[in-house]
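Put chains B, C and D with the ligands on the given structure of chain A with help from the hints.
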Amino acid sequence: MRFAVLVFPGSNCDIDCEKAIQKVLGEPIDFVWHTQRNLDDYDAIIVPGGFSYGDYLRAGALARFSPVMEGVVKAATEGKLVLGICNGFQILQEAGLLPGAMRMNDHLKFRCDIQPLTVVNNSLPFTQDYQMNETIRLPIAHGQGNFYCDEATHYELTQKGQIVFRYQGDNPNGSVDDIAGVCNQAGNVLGLMPHPERAIVEWMGSQDGGKMFTSMLRYWEEKIGAA
Amino acid sequence: MYKATITVRLKPSVLDPQGSAVKGSLHSLGFAAVTDVRIGKTMEVWISATESAEAEQKVDEMCQKLLANPVIETYDYELEGA
Amino acid sequence: MYKATITVRLKPSVLDPQGSAVKGSLHSLGFAAVTDVRIGKTMEVWISATESAEAEQKVDEMCQKLLANPVIETYDYELEGA
Amino acid sequence: MQPNQKSKETTMGMEPTPEEIRDRQLFSELGLTPSEYQQVQHHLGRLPNWTELGIYSVMWSEHCSYKNSKPLLKRLPTDGPRVLQGPGEGAGVIDIGDGQAVVFKIESHNHPTAVEPFQGAATGVGGIIRDVFSMGARPVALLNSLRFGPLESPRVRYLFEQAVAGIAHYGNIVGIPTVGGEVEFDATYEGNPLVNAMCVGIIDHEDLQQGVAKGIGNPVIYVGASTGRDGIHGATFASEELSDASEEKRPSVQAGDPFMEKLLMEACLELVQKEILLGIQDMGAAGLTCSSAEMTAKGGVGLDLYLDDVPQREVGMTPYEIMLSESQERMLLVVAEGREAEVKEVLDKWELPSAVVGRVTEGNRYRIFHHRECVADMPVNTLVDDAPINYRQGEEPSSYRDGTTASHQDLHHLDATDALQQVLRAPSLASKRWVYQQYDSMVRTSTAVRPGSDAAVIVLDGFDKALAMSVDGNSRYVKLDPWVGGASAVAEAARNVVCAGARPLAITDCLNFGNPEKPEVFWQLENAIDGMGEACRQLATPVVGGNVSLYNETKGVAIHPTPVVGMVGLVESQEHITTQSFKQAGDVLLLLGSNRGELGGSELQQQVLGSISGRPPVLDLEAEKALQSTVLHLIQTKTVSSAHDLSTGGLAVALAEAAFANALGVHMDVKTDLETIPYLFGESQSRVLLSLPKESVAKAISMADEKGVPWCQLGEVRGDRLSITINGSEVISQPVSRLQTIWEEAIPCAMNASLTN
Ligand SMILES: Nc1ncnc2c1ncn2[C@@H]1O[C@H](COP(=O)(O)OP(=O)(O)O)[C@@H](O)[C@H]1O
Ligand SMILES: [Mg+2]
Chain A
1 MRFAVLVFPG SNCDIDCEKA IQKVLGEPID FVWHTQRNLD DYDAIIVPGG
51 FSYGDYLRAG ALARFSPVME GVVKAATEGK LVLGICNGFQ ILQEAGLLPG
101 AMRMNDHLKF RCDIQPLTVV NNSLPFTQDY QMNETIRLPI AHGQGNFYCD
151 EATHYELTQK GQIVFRYQGD NPNGSVDDIA GVCNQAGNVL GLMPHPERAI
201 VEWMGSQDGG KMFTSMLRYW EEKIGAA
Chain B
1 MYKATITVRL KPSVLDPQGS AVKGSLHSLG FAAVTDVRIG KTMEVWISAT
51 ESAEAEQKVD EMCQKLLANP VIETYDYELE GA
Chain C
1 MYKATITVRL KPSVLDPQGS AVKGSLHSLG FAAVTDVRIG KTMEVWISAT
51 ESAEAEQKVD EMCQKLLANP VIETYDYELE GA
Chain D
1 MQPNQKSKET TMGMEPTPEE IRDRQLFSEL GLTPSEYQQV QHHLGRLPNW
51 TELGIYSVMW SEHCSYKNSK PLLKRLPTDG PRVLQGPGEG AGVIDIGDGQ
101 AVVFKIESHN HPTAVEPFQG AATGVGGIIR DVFSMGARPV ALLNSLRFGP
151 LESPRVRYLF EQAVAGIAHY GNIVGIPTVG GEVEFDATYE GNPLVNAMCV
201 GIIDHEDLQQ GVAKGIGNPV IYVGASTGRD GIHGATFASE ELSDASEEKR
251 PSVQAGDPFM EKLLMEACLE LVQKEILLGI QDMGAAGLTC SSAEMTAKGG
301 VGLDLYLDDV PQREVGMTPY EIMLSESQER MLLVVAEGRE AEVKEVLDKW
351 ELPSAVVGRV TEGNRYRIFH HRECVADMPV NTLVDDAPIN YRQGEEPSSY
401 RDGTTASHQD LHHLDATDAL QQVLRAPSLA SKRWVYQQYD SMVRTSTAVR
451 PGSDAAVIVL DGFDKALAMS VDGNSRYVKL DPWVGGASAV AEAARNVVCA
501 GARPLAITDC LNFGNPEKPE VFWQLENAID GMGEACRQLA TPVVGGNVSL
551 YNETKGVAIH PTPVVGMVGL VESQEHITTQ SFKQAGDVLL LLGSNRGELG
601 GSELQQQVLG SISGRPPVLD LEAEKALQST VLHLIQTKTV SSAHDLSTGG
651 LAVALAEAAF ANALGVHMDV KTDLETIPYL FGESQSRVLL SLPKESVAKA
701 ISMADEKGVP WCQLGEVRGD RLSITINGSE VISQPVSRLQ TIWEEAIPCA
751 MNASLTN
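Residue numbers (full-length UniProt numbering), protein chains in the order written: chain A, 1 to 227; chain B, 1 to 82; chain C, 1 to 82; chain D, 1 to 757.
Since the hints were derived computationally from the structure, they do not count as laboratory data. Watch out, some of these pointers could steer you wrong.
To give an idea of the interface, some chain D residues facing chain C are shown, with a C-beta separation under 8 Å as derived from the structure [stated by the list, open to error]:
no. : residue
1   : 115
2   : 116
3   : 119
4   : 228
5   : 229
6   : 230
7   : 255
8   : 257
9   : 259
10  : 269
11  : 270
12  : 315
Values in this document were obtained by computation on a predicted structure and should not be read as measured data. By construction, the Cβ of each residue, glycine as well, lies at the ideal position given by its N, Cα and C atoms.
The following block holds chain A by itself, in its conformation from the complex:
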């Protein structure tokens, strides 16, 4: 399974994603510079965290116009896996690939911590190795993770199982319905504020992020096997 991790000016979790994939899966992964339009060589695309273009104007707003986003849209349409983490989630929202928008955290401060989450949908290519309603702990680190969508959208997300992760305990940013991660209707594009790539080995304080990557690989292998 070939992974691409996108690099925008200001991405800073790109290397962490690469290290995580290497460590957990050992599958090939390339850094792809934001000016490259074509992503046809890849089976999965990771849009990493960081501060693309300084998060100026709105988080993710400037990055979504990068040439590489054409490739991302194409990959999403073709049913390939697209994973947006933190800033990557915001970029995918700005690009219209995921619903909702982010506001500043309700307490107006950046928040870094290890946060308990509930797995709300474990039937996705990204979550099949988790248990339904399992509690997992993943690091969070963001200033604008306050997910917003209007009521109609929220109803739809609930109905269609697009809410994938919820914050457990104290909501760290004020997001609607404690939403920490959502997917598109097809289920092949996932965005989440927490950082699975920061929870891989014991000394990181949690190893719960690894299953997201093993889920993706298992999904892909089954798909290839079936074909």
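The following block gives chains B, C and D with the ligands in isolation, referenced to the frame of chain A:
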């Protein structure tokens, strides 16, 4: 040369965390008369264009494409010769 | 009840990285005609006051104390009955 | 060449002519003394013009030339078997084996923070990051040391809130984890807060860069943000006391652009990897002037600078303004002639503005051209090497002699539970979660110990080893006895990294003091440096870099002398990484070191009496060495579950802190000749609290005996209460959770009150 002053506001239905915080601070500073605060962005954009209609069309386009996020924001602008 | 619309801008001498980044993006989106962008804040504050002079005085005070940072920002405002 | 001598139109009015400067003594406006003005004339062999004088004034400011502190700094040990680069370059460099080195430095941004806390603190972080990557190193961690007035003041809350937000903003966006630091609140910092930022980087030996200009004819390349009128005379500003007049003198504030910094960092590191650079230096204090002059002087060459080619953000800037601007996120590069295009390709990829702004010349002239005219022409060595040095005399203040007679009987009657709650609630001692939660401490996925333990630990990709780091300084001790306080700062920092499982390697230090022209302040500086130097020699941790920040005064009153020590240690194997928190019930509590019940300068004294008096705790460096080597040995032989150094708040606070993380209680029952309060809250140095499995106790004790380290078995980890019995009576019995709430809530509660600017 034209100068557009663009105001981007959160939609009224969207809770504004910054506005609420500022309101709280104003209250604790003794400004009890403040009933609501909403915070948005002001952008001043200078554009070289020969006609105002041309400038206006450009400004509108950049607002729609980039400067405002339609999921949570609205925008309006004023244009003046500069 | 009055509504004050306060505009807070960075002083011209202070670096505005947001503005530069947005200008860069507008250029790469094809808006080559944009020569400069500066980004500031808009705050709408609703105040209950019986007279406009009273409201004005309060708005001025809150700008000085909290809403603008005089070291790097300037402010102006408009007041209207609401 | 004679530079143009006519007066010039400037945005601020007409620049004075050389004669006017002389006749109206205008040099004093730039902070130069008559004798320094004479020296400039002597160096030039004529009258200096306004631009030249401005350049001399910043180059000879304390900030750039260390004219008041240089003779004292020479007393610090800077050598050691692992030192690859001592003080003098952007940052110090220490060998950590496998062809790798750690690069680190600390720097102050006190005055800018007092004026504009968010940008002031943020740009402090930006500056120190550039210092590290200008050595060619990849920055991997940030730390900071903060001092503010009491949080009861709304202005202080504003400064504190904004400074922390600024630090967070900058570090988070650049993508370097902020892994540790310290914060203290004391009235002495009310008008003059301290923000010291430290950056740690990693490098392969062969990638090490230098800030030097070499090769006649080679181009000097400017890269990064364009130059504006920000922070003109920032270096001089930083070398003066804050007063009401500083409001006016205030340079237009430097705003930081961490996004630009991120691009600059990646681009420069890419150029390092491509082995293109001959010289690289960041433009920090005194901007283009200081960076270019230092590189030129170090290379033993001359330089021609063409100001028209410098990217500018504002129109109509004068040479004076361009040279002295402190716009952030800018670097100077020197490369071999002919390689300009290769450099440009990398810089363009990162979307960075760049330009060739000068050439290396033969000789030693430092010449500046503007609008095709030569506007300055100076011998470069006179700017850098011949800066005047002030040899000052210190004078012991009378208060120091009074210190010996102080007694602390007035604290002995306190109830131990009340006392514990009072110190846990004190913001200086309370949990700093409110602060470090705002910092991304995990980006780069190498943070093995996050903020909240004695020292932070960063693992190194591809190796089993790791780095531990800590910043420490206790200004109350230094105030009461500068020598002991200075030495204690080094000892505590070393103890902290030892408790994390590391061997201390070296330090960087930031000396925050008052006006050195005052004999008592100079005495404090001199003694603190001597104390630090002695501790560094004893503990074999040389000083490889640092920063001096003098004139920290408001309305003529100096801050407590505040040397801050940043220590880096090497953890040999990830298996040795240890934290301060208790791990499991049933573990035995063992206290190493001796307790003298010393309350002088303690947190309890400050909290209860509102002031400090007497002498600080004694520091016996032999005992410290024995303690550290014992603790490290026990950790490396996997004998202990946790290790926590005793610092402010003494034994009682150390027990509470170790209990909090895993909500594990303490059952302690001891006999002692000391009274309860000094026993529990005294701050005797060279002590470490260990928890360890029962079966390891005998081994630990025999090791301590072997090294001559006193020990005491206190009790065990048990239940969920902190229960302390001394000489048969229970003096504290509190649920750990209740104490933890007090400790956790103190700063958030204090900050919930209103903020204004
Ligand atoms: N400004 C800060 N930034 C980041 N971490 C901090 C800061 N202040 C305190 N901390 C963290 O809080 C913990 C306790 O700090 P402190 O009480 O100063 O420890 P010690 O007394 O052992 O030096 C440490 O892990 C420290 O790194
Ligand atoms: Mg400690």
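Hint by hint, here is what the structure shows:
no., hint, result
1, 115, "6 Å, holds"
2, 116, "5 Å, holds"
3, 119, "7 Å, holds"
4, 228, "6 Å, holds"
5, 229, "6 Å, holds"
6, 230, "7 Å, holds"
7, 255, "4 Å, holds"
8, 257, "4 Å, holds"
9, 259, "6 Å, holds"
10, 269, "21 Å, violated"
11, 270, "20 Å, violated"
12, 315, "11 Å, violated"
The structure fails to meet hints 10, 11, 12 from the earlier list, while all remaining hints are met.
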